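Novice: Construct the complete structure from the given sequences, taking the supplied hints into account.
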Amino acid sequence: MRSALVTAVMAFILYLILTVGTGDILFWSSAEIVAGILLSIVAGIFGRKLLFKNEDYRMLNPKRWIYFIAYLCPFLVAMARANIDVAYRVITGRINPGIVKISPGLKTDLGITMLANSITLTPGTLSVEINEKTNDLYIHWINVKHKEPNIEEVCNGFPKWIRRIAE
Amino acid sequence: MIGTLETGYGVWSALYWLLGLVVLFIIVYFIYSLGGKTVKASGDKGKPFLSGNEMEKEKIHVKASNIYWGFTEALKSYYTPLKGGHTGNINDYVSWFVVVLAIVLILAGGL
Amino acid sequence: MMSKIVRTITNILYSSILIFGFYIIMHGHLTPGGGFQGGAVVASGIALVLIAYGYDTVKSWMKKSNLSVLESIGALGFIGIAFLGIGTTFFYNFLANSGGLFGDPTVIGINPGNLDTSGVLPLMNWAVGLKVLAGLGSVVLLMAYGIRKGDEE
Amino acid sequence: MIDNLPFIACAILVILGLYTLTFKRNLIKIVIGLNLVESGVNLFLITLGYKSNAVAPIYTMAAKEEMVLPTPQALTLTSIVIGLATTALILSFTILIYKHYKTIDASKVRRLRE
Amino acid sequence: MMIDTIIYIFLGIGVFFNGLGSFGLIRFPDVYTRLHAATKCTTFGSIFTSLGVIVYGFYHWHVDSASYGVLAIHAFIALLALVITNPTGAHAIARAAHRSGVYPKRAVVDKLREGDLSD
Amino acid sequence: MINEHLPALIIGIPLLAAFATPLISKINDKLRNIFVIGILGATLCLVISLAFNVFNNGIFVYVMGAKSPGLTLPSGYKMPVRIILEVDGMSIFMAIITSIVSLLGAIYSWAFMHKETGKDKYYTLLLILAAGMFGMEFTGDMFNFFVFLEITSIAACGLVGFRINRGESSEAAFKTMVMYTLGALFVLFAIGILYGEYDALNIATLASRIRYTMLDKIALGLLVTGLAMKAGAVPMHMWVPDAYAEAPAPITMILVANSQASLYGLFRVCFTLYGLTISTYTLGWIIIILGVLSMFIGVTMALIQKKIKRLMAYHAISQTGYMLLGVGVGLAVLSDANALNTYGLKAMEGGIFHIMNHAMYKGLLFLTAGAVIYATGKRNLNELGGLAHKMKFTAIFFIIGAAAIAGLPPFNGFASKLIIYESVYKFNPMLSVIAMLVSILTLASFVKVFQSAFLGPEIIEVKKEPKSMIFAMLCLSVIIIAFGLFPDIVVDKIVAPAANALVNSMQYIAAILGGA
Amino acid sequence: MRKYVLLAALLIVSGFMLLSAVDMHPFGSPDREDMDKYFINNAQEEVSANNVVTSIVFDYRGFDTLGEATVLFTAVVGVSLIFRRLIK
Amino acid sequence: MMETFFIVAVFLLIFMIFGVIRIILGPTTPDRVVGLDTINTLVIAAMIILGAAYNEVIYIDVAIVYALLSFVGTLYIAKYLEGGL
Amino acid sequence: MTNFGKVISVIEEIIQILILLIIIATAIMAVSFKDLLAAVISLAATSLLLSLEFYILQAPDVAIAEAGIGAALTTAIFILAIKGTVRREEL
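Read top to bottom, the protein sequences are chains A, B, C, D, E, F, G, H and I. Following the numbering used here, the numbering of the first sequence begins with 1 at its first residue and continues without gaps. Following the numbering used here, the numbering of the second sequence begins with 168 at its first residue and continues without gaps. Following the numbering used here, the numbering of the third sequence begins with 279 at its first residue and continues without gaps. Following the numbering used here, the numbering of the fourth sequence begins with 432 at its first residue and continues without gaps. Following the numbering used here, the numbering of the fifth sequence begins with 546 at its first residue and continues without gaps. Following the numbering used here, the numbering of the sixth sequence begins with 665 at its first residue and continues without gaps. Following the numbering used here, the numbering of the seventh sequence begins with 1181 at its first residue and continues without gaps. Following the numbering used here, the numbering of the eighth sequence begins with 1269 at its first residue and continues without gaps. Following the numbering used here, the numbering of the ninth sequence begins with 1354 at its first residue and continues without gaps.
Treat the hints as calculated values from the structure; they're not laboratory data. Keep in mind that this is a model prediction, so the values were computed, not measured. Glycine included, each C-beta is placed from N, C-alpha and C at the ideal position. A few of these clues could be false.
[Said to hold, decoys possible] With a straight-line cut-off of 30 Å between C-alpha atoms, the simulated BS3-like cross-links for lysine-lysine are: (1) B/250 - G/1183; (2) I/1387 - D/530; (3) F/1054 - F/1131; (4) D/539 - B/243; (5) B/204 - F/1056; (6) C/337 - A/107; (7) B/226 - F/971; (8) I/1387 - E/650; (9) B/226 - F/1054; (10) F/970 - B/250.
[Stated by the list, open to error] Residues from chain B shown here face chain F by an in silico Cβ test under 7 Å; the list is partial: (11) 171; (12) 174; (13) 179; (14) 184; (15) 185; (16) 228; (17) 232; (18) 239; (19) 257; (20) 263; (21) 267; (22) 268; (23) 271; (24) 272; (25) 276.
Specialist: Written as structure tokens, this is what we have:
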């Protein structure tokens, strides 16, 4: 029940973003808002088993969202560096690849997912496989420096940020 | 008149034909009834005869593939390519469609 | 069952796909889209959940028979709306410009448009959308079921 | 000549599909061929309705007055959904054929002949 | 004109990285390195091209009409969807490739093959 | 009130019932059967009342979604923009066949399908198939025709593959589906060409605009080939025996009507769409050649068949040839008024009458074959024998059907074949001789079936045939005998208006465009 | 033999297809557009929808859409017929 | 401004050819999927760019649909390669 | 101004030609691959680019339908069918 409601509210926000600029109640027309409420309730009922499957509402805390926005800055910088790095490798063709294992020690699904996607988008690393129980990530690294790397080398201190955001 | 169909050359009436058929049937029955009534089809007379041996029921019945055997044998040179054409292969079905399409397009296009 | 990352992303995307599909159906008479497109989007969402969680999990959440009932209801709704117009003609748009539900006249010319217009079109969009999402969703589910049946026997 | 390039592309797609249907023996390949023919026909319909320097026939926030012809788009919409329906049904039959025959080679799937 | 320059720069960066990614797709030796090029560079490039559109939309929202704002918002949502789905798709492909028996070429180390991952 | 909406109701009510059938099946099986039969019976009544309407008042036009059901062209526009249903003599003729056949098929299915699973889906598809055929026959719009063509294709293929425990059934459904879809796609391509040239989809409007350019010729070729394929003309007939033999018997009967609906489409295209602007001599000869090939190859292939339903399927091809021949002769002489009046129209009447007769007796024969398979569980003629001892009714019905298809008087097949022989003889004597030869061969092959299946000693176990099956067969037999005894009434009241409707395409166009 | 006849037929068909493509009106400028002009000019007034395509799909040619929905329904019923259980 | 967007779109299309080449060459199936994924991304970028070029707001919806749904196809192929399903 | 419009129309033509070429190339690949999975991938690429072509031909309605149905659902159905049968063409 609660999960359905929360899902419905999130769906409603998305609907409002999609239909911005349709009327004069702030940005929306009244028909739009009524339709949006009805539709998001339906979406909440059908989507309740997925979005908050574990009844885990810690992402509703606004503090975490502020952290998330703050996290984007180092992330984008790292991403730019990654791309320049890959560009260098595309042009010169100098690669030294391998698959390494790291244990970031994140507990929640969302945290590990965020980390994996961040890793995929940043410096020469690509998450290949995940251990479902221990949340260990197996990472394809385009330029292997050590065979047993520590976490800092691979993921630029993302786990710290993500621990603050998602756990 | 009801039941009369004009065909262009002449007319056809099923009722008259039926009437004729009935008359014919009566005549035939009349001739049939003139014959002797003593002969009955019971006993050994009714059985098929093959060198005096008793036959199994299945053997008496003429199988469907044996009927018109002579006909198909005589027209073998016609039937062999015809059977060969019906391959049951979906590619051939489509191929025939394409060939007919090509012919019809040529004929209709040259109209 | 795919990896945890894919499943988490599916959780996030599923409700977005759902509301986006509903948005496309709802705005069929204003923006590109409509019943078919929105229904196909939602059905793709069902296909996404199916691939991420596997057939058995999805089967425990939603029943195929429910989907087929939904499909019948959608089809009946569509043809029912068509029959409702039979006071004048089959498929007559009896709600347009009438002032009732969805009955506002639209402004002629280029304008953003109002949701509350165009008569039976939104209703038909919804009927078709329900039908298509249930139909395509059950096609995918049924085929996933059909290729499994060989393993059991 | 270059003006009618999209039409020629449609014709090529149709011909490719026909080629697949006649020469490829795999049943799923045959379905792919059907899909190609259908794509060609859809593209043909849409191309028929195109007008240069025009916008889509939707009045919401359109930039120009001139609009492309709307009827072919409605027809194509119908045609696409029909194509999906046929594809789904025909592929289901393919799965069933494989269960019974243990092959999807058209030259072996022919218990029905003569 | 300032805003135009920014848009040009964004578009230029986007095209450059997209091209680089596509080029890397041809140049790299195996699936995983190609995925590096394909996901990272094209995502990055697409972010910048879309950013160009978003800046364009927001600027003209301010100057011209409200519909440009909607353009920017919708482009942003498309971008968001792209950023969420692309790395996940890359991960799925990489995992599938490894499970289907395609191992990295010239690999220094392959912990996944050595490791005892039971799933 | 209800009279105005008849065509829409005839298509709409079976569709509505089809959508409701899965829901009703959840309640009760018996209720569903009664519901389906009731709906089809109601449709038959509606068709008959529409038929009276059409025969008395001429062409019936119904505009979908307009402000009034009658014809309303938009002011200032001399063309229709909405979908128009246009019912003339030919359409209603086909609709009568369709409704009779589908009603009897549903009645027959009650007992025949009793032991099967998935009956709710079976009945749904049956209703959709019937509605699709009505749509094909009534519509006056090319794209709408294509949509209904696809509906019938998909529903028919789903039903052909009904017996999923037999691999052959799936194979037949696959092949049929590929052919149907391909034909329909080419029809769609032709519609696209026509639309691109004339910016219209209405048949009447297109017919009045066609200038007969190269593109029109290509479109004509595509349409003729696609529709002739679906009607089962040789050499594109190979799917026919597969599909007819593997479908359940009542479905086979409806499939015959379905093929004839495509035949109707072919005639509509040739006569109405292109008949005005061109000399149809070559087109007529194309159709005649297709017909003669179908007749001859169909019957000779039938002679050597061993499976009972496959044999009958080849006969269906052969009989389709008669229709193509009769109507093709009419088409070939369409522009020659003298020849048309002396024998062309008569040949067309024969061909069209044969459509109805064929649906009836071929339906009866397939139903008897279904009864044989139901009673014995065997399809191969070599394994059958002596059925007449137990299945007396079926044997009698089979004799009636066989006599009718072979053209023995006084059954209905003779009446239509007689007309075809005599009028075709004036056109070209050779064709008539071939037709008679084919008739003799037909008789020969049915003698074979009767001898091997029904005569001889009892060699296999036989179940009794249920009442509903006997009832359906009895209805068809009564129709066959009635048509055979009073062919003139049928020809004058139903067939002649149909033939006239095909020939007078001006009338069809004028009903929409007003005068023209 | 079969292959060559078939290739010839395919070539003829493709020739006619290409001919139709070349013969068609020039890309981007349809010959006549009276029916479509009617839709574009009157759809907003009659149906009061801004999207002309939707107003054609559901109003002017609604019957086609009914047919299309039926096709989809039929296909779904067909697929569920194929994958049904044989024993109750 | 508009012609810039168009030129960018042309570049994106040229890059798509690389993806197609990868689909043709790709020694293994995962390589081909990577090519498809690249084309997907480029098509979405091209759609956004072209939407801006035509000044048509409503066209961007297509790009959103595509971004959400191209993922589904990729996942199906990946799942097949994994051997599950 | 006219010069400006001319440039844009030339660029549009280039876009058209490129897309059509890629469509035909992917279609040929879909026909010629022996590996059915690769053929399905090519078919997905074809329908993807077909959708872009619809988009450029100013048919966003059809483009959405083709995107949803062609890219996601058709691929899914084909993959399910290949899973239910065999992957290589010769078998």
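Novice: If you take the shortest Cβ to Cβ gap from residue 239 of chain B to chain F, is it below 7 Å?
Specialist: Status holds, d = 6 Å.
Novice: Is the hinted pair residue 1054 of chain F and residue 1131 of chain F satisfied, with a Cα-Cα distance of at most 30 Å?
Specialist: Since the Cα atoms of residue 1054 of chain F and residue 1131 of chain F sit roughly 14 Å apart, the hinted pair holds (cutoff 30 Å).
Novice: Holds or violated: residue 539 of chain D and residue 243 of chain B, Cα atoms, limit 30 Å.
Specialist: holds, 26 Å
Novice: Are residue 268 of chain B and chain F close enough, Cβ to Cβ, to be under 7 Å, as the hint says?
Specialist: holds, 5 Å
Novice: Quickly compare the C-alpha distance for residue 226 of chain B and residue 971 of chain F to 30 Å and report which way the hint goes.
Specialist: Roughly 20 Å between the alpha carbons, so the hint for residue 226 of chain B and residue 971 of chain F holds.
Novice: Closer than 7 Å between Cβ atoms is the bar; does residue 232 of chain B clear it against chain F? Give me holds or violated.
Specialist: holds, 6 Å
Novice: Holds or violated: is the Cβ of residue 228 of chain B closer than 7 Å to a Cβ in chain F?
Specialist: holds, 4 Å
Novice: Does residue 272 of chain B pass the interface check with chain F, least Cβ-Cβ distance below 7 Å?
Specialist: It holds, given that the least Cβ distance between residue 272 of chain B and chain F is near 4 Å, below 7 Å.
Novice: With a cut-off of 30 Å on the C-alpha distance, tell me whether residue 337 of chain C and residue 107 of chain A pass.
Specialist: holds, 28 Å
Novice: Holds or violated: residue 179 of chain B as interface residue toward chain F, Cβ cutoff 7 Å?
Specialist: The hint holds - residue 179 of chain B has a Cβ within 7 Å of chain F, the shortest such distance being about 6 Å.
Novice: Is the Cα-Cα distance between residue 204 of chain B and residue 1056 of chain F 30 Å or less?
Specialist: holds, 27 Å
Novice: Are residue 257 of chain B and chain F close enough, Cβ to Cβ, to be under 7 Å, as the hint says?
Specialist: holds, 5 Å
Checked against the numbered hints above, the structure violates none of them.
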